[in-house]
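Residues per chain, in single letters:
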Amino acid sequence: MYSGLKSMREAFGDALADLGKINDKVVVLTADLTDAIKVTKFSESYPDRFFQMGIKESDMMGTAAGMAVDGLIPFATTFAAFATSLANQPIRVSVGYNRANVKIATSHGGVCVGADGATHQSFEDIALMRLIPKMTVLVPCDANEAYKATFAAAEFDGPVYLRFGRVATPVVTSFDDPFTIGKAKVLREGSDVAIVSTGSMTPTALSAAQTLGKEGLSVKVIHMPTVKPLDEKALIDAAKECKCIVSAEEHSIIGGLGSAVAEVISSEYPVVLERVGVLDTFGESGEPDEILKKYHLCETDIIEKVRSVLNKK
Amino acid sequence: MTIKELELKANSIRKAIVNMIYNAKGGHLGTSLSEVDILTYLFFSCMNIDPESPKKEERDRFILSKGHGSEGLYCTLQARGYFPEEWIDHYMDHSNPLTIHPTNKVPGIEVCTGALGHGLSIAAGIALSAKLNEKNYKCFALTGDGELQEGSNWEAAMFASQKKLDNFVWIIDYNKLQLFKSVEDTVSLEPIRGKLESFGFDVHEVDGNDMTGIHNTFSSIDFTCGKPHAVIAHTTKGKGISYAENVAAWHHKIPNTQEWEQAIKELNNARV
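One line per chain: the protein sequences are A and B, in this order. Following my numbering, the numbering of the first sequence begins with 18 at its first residue and continues without gaps. Following my numbering, the numbering of the second sequence begins with 7 at its first residue and continues without gaps.
Hints were generated in silico from the structure; no laboratory data involved. Fair warning: there could be bad hints in the mix.
What the hints assert, rightly or not - Computed footprint of chain A on chain B; a stretch qualifies when at least three of its residues, placed anywhere within it, have a C-beta under 8 Å from a C-beta of chain A:
1. 129 to 139
2. 203 to 216
Unchecked claim - Partial pick of chain B residues on the chain A-facing surface, computed with a CB cut under 8 Å:
3. Glu116
4. Val117
5. Cys118
6. Ala121
7. His124
8. Ser167
9. Trp266
On a predicted model such as this, the values are computed, not experimentally measured, just so you know. Here a beta-carbon is modelled for each residue, glycine too, at the ideal position from N, C-alpha and C.
Could you put together the complete structure from these sequences and hints?
Dropping the structure here:
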């Protein structure tokens with residue numbers, strides 16, 4: 018369906034509009050955003066099911082919870098930073114504790130938000146959402162997966178956090194591949210080292226694997242579109258096969274995918290793990306290339322960590 | 007039910023609350039007693055509900071945003087037949103569904119509450135959902151007064167007004183006390199009526215411990231006026247027990263045996 022470069026938020030917008038056609042229980046709320054979170058198409062096609070909440074994310078989450086307990090399937094949409102930190106309490110209590118069938122769908126997850134800078138970047142959202150009991154956390158890696166994850170979230174009964182990026186990124190998966198919540202995707206087989214990645218870092222992980230492959234290294238790439246619940250079996254199998262792991266995510270190394278990987282392998286099959294992610298810092302403005310370089314989220318950074326784990330193996 | 011019958015019912019619920027908190031050695035006495043008359047009126051006279059079928063689609067919804075007033079709600083729901091009396095007798099036992107802050111595991115309770123400032127948003131979502139689905143049910147939400155210091159309430163208020171949710175009733179249990187002292191001396195809500203009117207609400211004021219007044223107020227609400235409704239219920243914290251009335255310490259103080267005996271005696275002798 019999508020190929021080349023495409024932003025995940027645009028695919029989300031397409032998916033929502035298509036969902037609107039087939040499921041009249043789907044409603045969309047947003048906090049003063051429309052085009053930035055790509056809900057414009059839905060809002061124009063289904064104005065009666067679109068709710069502009071204004072600049073009040075906390076109220077949006079509570080309202081969505083109320084609509085969900087009444088049987089609707091609300092998508093509460095805003096930027097990742099605002100949804101998960103500003104509205105954390107209503108997500109925790111009104112959505113999570115009530116197990117309200119709300120889909121918290123966000124854009125601007127990660128470092129690539131352009132000029133907006135630190136207040137609009139989100140490195141903590143995966144960690145914050147993983148901490149909400151029974152919250153499902155979906156972090157697709159490209160536009161094709163973002164589209165399918167949106168449909169999967171709507172079909173799933175329970176609270177879901179969906180994280181999309183702002184900028185166009187390479188489409189690396191096929192639209193025809195099935196998407197199942199809780200299932201990892203092995204995108205490349207290998208036995209020397211396993212790169213476990215999520216979100217926009219998966220295309221980067223694939224590039225790194227390709228480069229390392231040319232040097233004769235056998236690199237496995239496992240993409241985790243569901244960070245919670247994590248596909249533990251796929252992870253443990255990779256640990257057994259490769260004996261070392263590098264995790265990669267456009268998120269803090271504290272509390273995100275790398276932490277989730279460590280939590281599993283440390284008790285089930287301990288192997289050396291290095292994490293690629295944002296260190297304990299706030300972000301800043303900049304073009305994606307500049308920012309990815311500064312925060313060590315490039316192919317070369319993954320390759321460096323691969324060499325490091327291989328040395329420690 | 008007649009006004010007299012409702013008053014008698016509220017009195018018996020008050021006694022149940024006192025017994026429940028005394029036996030469990032935990033709870034929020036003052037706030038549960040201030041809200042009893044409103045809850046009795048809603049559940050025994052006003053709302054379209056069926057305890058035999060607590061999830062009936064057309065039911066009116068009630069959200070206790072001030073979740074710490076749970077004992078008042080539990081005793082009202084039990085009196086209305088939602089669950090057995092043993093649940094009240096075993097309040098706060100680990101295996102009992104009745105916990106200090108209410109959860110949706112209890113029949114008659116729509117959502118879990120307890121963290122203040124979230125119930126109004128949920129209630130507005132439910133009211134909006136009713137409008138969207140072209141259903142006639144109403145959503146009543148009861149907040150505290152100190153609770154309104156949370157800004158999220160005012161977000162919900164703006165939204166309810168924006169969407170003209172005339173099936174939404176926000177009741178404020180205005181007992182004038184919060185945890186340590188008066189609301190006025192903490193962070194004042196005044197002028198509360200002006201605030202609510204300026205937010206676009208159809209505002210009513212009533213003595214929230216007077217059943218006749220409560221009946222007249224709720225009966226006068228026009229659910230087709232295109233505005234959300236607010237009922238400022240002026241109440242007395244600890245209502246019905248002389249030593250607890252208007253005393254902040256009774257927010258969650260537990261009566262000793264002598265105090266319990268006196269409370270029951272006063273409620274037995276209350277002129278209803």
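Hints, verified against the model:
1. Counting residues of the segment 129 to 139 of chain B whose C-beta lies closer than 8 Å to any C-beta of chain A gives 10; at least three are required, and the coverage claim holds.
2. Check result for the segment 203 to 216 of chain B against chain A: violated, 0 residues qualifying (beta carbon to beta carbon below 8 Å, three or more required).
3. Checking Glu116(B) against chain A: minimum C-beta separation of about 6 Å stays under 8 Å; hint holds.
4. Because the smallest distance between the Cβ of Val117(B) and any Cβ of chain A comes to about 5 Å, under 8 Å, the interface hint for this residue holds.
5. Hint status for Cys118(B): holds, given a least beta-carbon distance of 5 Å to chain A, under 8 Å.
6. Interface hint at Ala121(B): satisfied, since its Cβ lies 5 Å from the closest Cβ of chain A, which is below the 8 Å cut-off.
7. Interface hint status for His124(B): upheld, as the beta-carbon distance to the closest one in chain A is roughly 5 Å, under 8 Å.
8. Proximity of Ser167(B) to chain A is violated relative to the hint, the smallest CB-CB distance being about 12 Å (cut-off 8 Å).
9. Taken as an interface hint, Trp266(B) does not check out: its beta carbon lies about 33 Å from the nearest beta carbon of chain A, beyond 8 Å.
In this structure, the earlier hints numbered 2, 8, 9 are contradicted, and the remaining ones agree with it.
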